[in-house]
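Residues in the sequence shown are numbered consecutively from 0, following numbering that gives the first Met the number 0.
Derived by calculation from the structure, the hints in this document are not laboratory data. Backbone N, C-alpha and C fix where the C-beta goes; we use that ideal spot for every residue, glycine too. Mixed in with the good hints there might be a few duds.
Below are the DSSO-like pairs computed for lysine-lysine, each with C-alpha atoms no more than 30 Å apart in a straight line [unchecked claim]:
| no. | residue 1 | residue 2 |
| --- | --- | --- |
| 1 | Lys-266 | Lys-369 |
| 2 | Lys-262 | Lys-182 |
| 3 | Lys-122 | Lys-187 |
| 4 | Lys-82 | Lys-401 |
| 5 | Lys-263 | Lys-187 |
| 6 | Lys-401 | Lys-122 |
| 7 | Lys-266 | Lys-356 |
| 8 | Lys-82 | Lys-338 |
| 9 | Lys-377 | Lys-119 |
| 10 | Lys-124 | Lys-401 |
| 11 | Lys-205 | Lys-266 |
| 12 | Lys-369 | Lys-124 |
| 13 | Lys-122 | Lys-369 |
| 14 | Lys-187 | Lys-124 |
| 15 | Lys-266 | Lys-119 |
| 16 | Lys-335 | Lys-262 |
| 17 | Lys-338 | Lys-377 |
| 18 | Lys-369 | Lys-335 |
| 19 | Lys-187 | Lys-377 |
| 20 | Lys-401 | Lys-338 |
| 21 | Lys-82 | Lys-182 |
| 22 | Lys-338 | Lys-356 |
| 23 | Lys-189 | Lys-262 |
| 24 | Lys-205 | Lys-187 |
| 25 | Lys-122 | Lys-338 |
Restraint-style ranges between C-beta atoms, simulated for each label pair [as the list claims (entries may be wrong)]:
| no. | residue 1 | residue 2 | range |
| --- | --- | --- | --- |
| 26 | Ala-190 | Glu-365 | 30 to 38 Å |
| 27 | Ala-190 | Arg-408 | 48 to 56 Å |
| 28 | Lys-377 | His-173 | 31 to 39 Å |
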Amino acid sequence: MGTAHQAFAFLFVGYGELCPPYGNSGHVVGVGILTRDGCTQNPYWLDVQVFLAQFLALEMGEFPLMADATTNRHLSATVLLSKGLTPGKLRGLQRISNPNGTLTMLALDQNSSMIEMAQKALKGKGQDREPTYEEVVEAKLDLARQMSPAASGVLIDAYYGAFSAIATESIPPHKGLLVRVEKSGSPKNKAGGPMGEYEPGLSVEKIKLMGADAVKLLAPFEPTEVISAEHNLAFIEQVADDCRRHDILFLLEPVAFPIHGEKKTDKSFLDRKAATTIESARQLSRYCDVYKAEFPGTLGHGSDSQLTDNLHALSEASERPWVLLSAGVDYPDYLKQVKMAMECGCSGVLGGRAFWKEYFVQEGDEARSKFAATIGLKRVADVDAVVREHGTPWFAKYGWSKDDLASIRASEGWHFRFAPHAKAAGGTGGHVVRAGEVY
0 MGTAHQAFAF LFVGYGELCP PYGNSGHVVG VGILTRDGCT QNPYWLDVQV
50 FLAQFLALEM GEFPLMADAT TNRHLSATVL LSKGLTPGKL RGLQRISNPN
100 GTLTMLALDQ NSSMIEMAQK ALKGKGQDRE PTYEEVVEAK LDLARQMSPA
150 ASGVLIDAYY GAFSAIATES IPPHKGLLVR VEKSGSPKNK AGGPMGEYEP
200 GLSVEKIKLM GADAVKLLAP FEPTEVISAE HNLAFIEQVA DDCRRHDILF
250 LLEPVAFPIH GEKKTDKSFL DRKAATTIES ARQLSRYCDV YKAEFPGTLG
300 HGSDSQLTDN LHALSEASER PWVLLSAGVD YPDYLKQVKM AMECGCSGVL
350 GGRAFWKEYF VQEGDEARSK FAATIGLKRV ADVDAVVREH GTPWFAKYGW
400 SKDDLASIRA SEGWHFRFAP HAKAAGGTGG HVVRAGEVY
């Protein structure tokens, strides 16, 4: 703004009786400029005016907290860091997203359910056996190869899929890669509550080292089943800490589950599913970067109006961008759920069986590949069109635009300041980050 003797800016702040409309809140209610002769000719004068006008508008709630491209101002990287989006996490989020910031992701990380479907298909052909390791691998690679062209990212497991999918480019290098971290079929407590744990031999660090863009954790969660809820919360916190340490995007998937002998078709479960889904988002979404949610309710169990209200409540409860899982429902039902969710603040999908569950009943390898390359691919493409047109971009969840992101700049030396356990090197102001200590 120039030297101090050339211009002074001051703000009128109202308190109590001085400014009754604003009570005691201390809002800015006026702007004044004290000048000396010739101040308005100073080259910094416009900057003073613009700054004060924006400051006042911010206080009045009339101006977004964003950069002004016309004045070439930049936003600090703290905008991202305040949401936990360090460079590695941000890069992962960009890689799994569509260009407009929505997300259309394909889930192929299912192990138990995929084996069950394959076994049922084999039995129908007179082969009473489970599929071999190689058969499961080939199925996952085929599905990925045929259907990933319509997806922004693909989720796969490490045990069967990740290495082979990378090596064969069944998940192409330009597609986002998400890897599941939890054990398939975790043990359950006496109430039937799953007790989550890591996939044996796998860790967040290994997933990061294999070049994945994101870690996905499935965490069954029922707030009223206190033993499993506390256990799984601790597990979620551990994975979240590991993802921060290794600077990799964390996608969290809590799901409701039956307890005390219930079935998923029982009225007691259906009645509480929406409340569980919404409350889980309220409690858990803060720990992740992208939240993967169930549809908060069941089509046909409650009106569409009530389901829409549930979706709005879920969107409000989630502190992070959220995407919709498919839970194995039939594709027409999933498409309807997606259309409803995209109108209520959802940022995309991470769908699996709804896209491809008929794959295993096709006759022969060629027929299965054809199904995936035609019907399966079209399903993903149709959902992608809905997501791109009606979904909320991940950055819009935080009130940002593409222009805002383009204006963000990190200041010089940022890589020193965001290493909390860094120690001085050389004794003269340099820093070094020890292994595993990121930002």
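Of the hints stated earlier, which fail here?
Checked against the structure, the hints that fail are numbers 1, 6, 10, 11, 14, 19, 25, 26 and 28, while the rest are satisfied.
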